[in-house]
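Q: Heads up: the sequence shown begins at 17 in this note's numbering, then just goes up one per residue.
In case anyone wonders, no lab produced these hints; they're calculated from the structure. Accuracy of the hints is not assured; some may be wrong.
Unchecked claim - With a straight-line Cα cutoff of 25 Å, these simulated DMTMM-like cross-link-like pairs (lysine to aspartate or glutamate) come out: (1) 305 to 316; (2) 295 to 631; (3) 426 to 395; (4) 426 to 443; (5) 145 to 266; (6) 627 to 333; (7) 84 to 111; (8) 274 to 506; (9) 504 to 144; (10) 444 to 425; (11) 627 to 425; (12) 598 to 631; (13) 236 to 395; (14) 235 to 89; (15) 112 to 144; (16) 207 to 163; (17) 598 to 636; (18) 358 to 266; (19) 93 to 76; (20) 341 to 407; (21) 78 to 89; (22) 225 to 246; (23) 194 to 316; (24) 225 to 506.
Unchecked claim - Cβ-Cβ distance ranges computed for the label pairs, FRET-style: (25) 192 to 245: 33 to 39 Å; (26) 192 to 155: 31 to 37 Å; (27) 85 to 642: 54 to 60 Å; (28) 243 to 273: 48 to 54 Å; (29) 394 to 119: 24 to 30 Å.
Where a beta carbon is used, it is the ideal one built from N, C-alpha and C, also for glycine.
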Amino acid sequence: NSLEEHHPDTGTLFASWLSQEANEANHVKRDTPVMVVMGNPPYSGESSNKGEWIMELMEDYKKEPGGKVKLKERNPKWINDDYVKFIRFSQYFIEKNGEGILAFINPHGFLDNPTFRGMRWDLLRAYDKIFVLDLHGNSNKKEVSPDGSPDINVFDIQQGVSINILIKKKGSKNINAKVFHQEFYGERSYKYESLWNNNLKSLNYEEVKPQSPYFFFTKKDYEIFQSYSDGFKVPELFKVNVLGFQTHRDQFAVSSNKKELISRINELLDLSNEPSYLKKRYGINESKKWKVSDQRELVEKDKISELITESAYRPFDNQFVTFDKAINDRPRTEILQHIFEKDNLSLLCSRQQAKPGFRHIFVTDLPANDCVMSTTSREANQVFPLYLYPEESTQQTLDGQPERTPNLDKKIVHEIAEKLGLKFVPEKEQVIAGPDPRSPGKGKGAESGEIPDQVRDDQVFAPIDLLDYIYAVLHSPSYREKYKEFLKIDFPRVPYPEDPEQFWQLVELGGELRQIHLLEHPVVEDFITTYPESGDNVISNRLTKNDPGFVVEEEEGGSEENKALKGKILRRYPQDDFELGKVWINEEQYFDNVPQKAWEFYIGGYQPAEKWLKDRRDRELSIEEIQHYQKIIVALMETDRIMGEIDGVWEESTDS
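Please build the complete structure, drawing on both the sequences and the hints.
A: Structure representation (structure tokens):
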């Protein structure tokens, strides 16, 4: 095993040839000066190579840049990939020898993934020059060439790869290495040809200068990055946050109907139902730790109904879920206590995107699944509650609710207050206004104690105002475009507001957008679509199993081609036909006047106008569901409108 330290020579192995090979390998590890280590190391995120020697060496990569503080990552498991261990293994021998070259082709994720910042810093310390040739081809990230053409991997794998040549000269004093970068996009044949016809000198590598705090090995606009870094990171403001809940068996633990979910749990408890029957009926996958026969004994039978609640499951799609720990693997009880049956809001945000383009922000007043905005694990959303509730509280407010505290970092809040010249209050209602909403009021502030008389309600701000400000900024198309390179690698940073007028404009727009996304704003009741097929003939509201979509309209005496299309209406047709605005759910029934913009609008990795329908295939839509879908279409169009208004405010502030 290459990743184990040499051990004393032995002749006791079961075959002499194996003993000889092991002894020769030991000789290399122990005695031979290693000048060059090259190859294509194994890639394995769930590495089984956990020997004490290599894991001890790996600790150098699991520290913050500077090598003194433990890496501040909740889940740094990707650093334990085998290819990373082989890089560290090679570095050990080259440093031991005092000079040498490491030449690997390996996954390119370590080049700019924030989790690998400690590793990059350590490599900069250990080598003199680092040449990176990024071959891209990452289908996990849905990479495409800059011109939009396909980008194909040089191997038949999903992970993008890079060729990395790291050079350490004899006698160097652990200086910061110079990093040189080049990249190839496009077809596999083009990449092969380019590699065959070039060498290290002819590739015209461009020097990049890795900088704190991430020390990227890729090209970045550090001037823009500096302005971006001046803002606060979302998880820095919302101190308590966690990934959304994960049942790992949604088809059983999640339902649109509470009674149906209770019925499923009772089926589980019924010992006459064999585990094999339940697994087949609900598509349940067992694991070493989760067996139907074992878990049914752990269900809290007297709390079945109590542990079921509505949850944010997909955009504009709330579903019932059980938080019984015997069924729901990761209910996130540490965050649930602040949200379950509480008056609270949560911001939902993803750390990274599988496909570049930040759209991964939403809001809810319910417990949230980890895939509200995408089923891709890379885009799983974190839950950031606005308030924290005590576990047990005898202290209650006037409305009978337990007293709560803002889930906000006091230092950041204080800095925002200083920049805006405003006072902070923990509750909006603490500003007691007269008939005129801008009239003097009284209240108590969280940090400043008594707020003096003659303080107007636009001279104080509350947690909800901060949430609305953030919600507006993160929906600005200009903000998303300007910082797209940095938004794809970590949680978004939000600029500190400095102009009170601009702050309140964004708060107002963010608040309007929040209410629309919660479907609480009156505007969502003003339907822009119709559901026209009704009358004497009974027409089914059942969605077929095919995907819903737009379709060409059949004219009176229409062409044979259009008549043929009528029989295949449940698929999407060319762009020119979208203007007709019909979304068919079966061969006779459809929603009319659906704007193409609404149909194509993304929240995270989903198009809600399509996703909501697809998740209800082979089901009869109720009147309430038909109306709900029409609200979604309004919400999407209003989101697009408000995003434009936000951009007007945002661009005006950045220009000034």
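Q: Hint by hint, which ones does the structure fall short of?
A: 3, 5, 8, 9, 11, 23 and 25
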